[in-house]
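S.K.: Spelled out from the first residue to the last, the chains are:
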Amino acid sequence: MTAEESKREITHDEFDPVGTLTLIVIYFAILAIMWFFMYFIEFAENGPTVIGVA
Amino acid sequence: MNIHTYEKLWLAASMVLIVGFIATVTYGAVGLGIAMIDDDESTIDPDSLDEDERFSDPRVEEMDDGTYEAYVVAEQYRFNPDPLVVPANSTVTLYVTSPDVIHGFEVVGTNVNTMVIPGEVSKMTIEFEESEEYGLLCNEYCGAGHHGMEGEIHVVPEEEFEEGEQ
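So the protein lines, in turn, are chains Y and C.
Quick note: the first sequence uses our numbering, first residue 1, plus one each step.
Quick note: the second sequence uses our numbering, first residue 1, plus one each step.
Because the hints were derived from the structure by calculation, they are not lab data.
C-beta: ideal position from N, C-alpha, C; glycine also.
Warning: the hint list may mix true and false statements.
[Unchecked claim] Here are a few chain Y residues that face chain C, going by a calculated C-beta distance under 10 Å:
hint, residue
1, H12
2, T49
3, G52
[As the list claims (entries may be wrong)] Under 7 Å between C-beta atoms, here's a sample of chain C residues computed to sit facing chain Y:
hint, residue
4, Y6
5, K8
6, L32
Please model the complete structure; the sequences and the hints are all you need to start from.
M.R.: Okay, here's the thing in structure tokens:
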């Protein structure tokens, strides 16, 4: 099989980078979970908190 | 422009993420009431704190509405009063100032943390729930004795607080 034979043309929409999509989904999930823990558990639960300056 | 479906997906997801971040911070401010300490308090002459009605005698005082006000002086190298004794289940507004250099005012392990600047009064309202002892420390380098500048906040049961006042 030569390089010429193995070449296959696909259109723009036929190209599906499933691996990239999976990595991005995992990355987004990590971000969302970390944000939740950082804000709601580590920060907001870490009272007392300054609740006013008035 | 021809954008791939997957690309549209993660573009949209990142927008949702950003909106989510902003929404939680807004929720913190509006829902939980978390406030940022600012410089709204009027300035004060740091050289004559002893003539100031609030800071000449650093103390905790009960207000007419049942809340408390605490006047604290952070100076080289101590917090006055130390310990700062406040009742449990109370709302305390702290006024902190410095007669000498910039200090920090950090209630260890909590979100209560501010700078104390000579001439400025840092004002913050805090709710203390259960009886507990908190450490207090200076987190701005303030001189040779900085590392030893620490204090305590004692949150004591209401009865004990009233006894202590008499």
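S.K.: With reference to the structure, classify each hint as holding or not holding.
M.R.: Structure-based check of each hint:
1. H12: 6 Å, holds
2. T49: 4 Å, holds
3. G52: 4 Å, holds
4. Y6: 5 Å, holds
5. K8: 11 Å, violated
6. L32: Holds - the Cβ of L32 (chain C) comes within 7 Å of chain Y, reaching about 6 Å at its closest.
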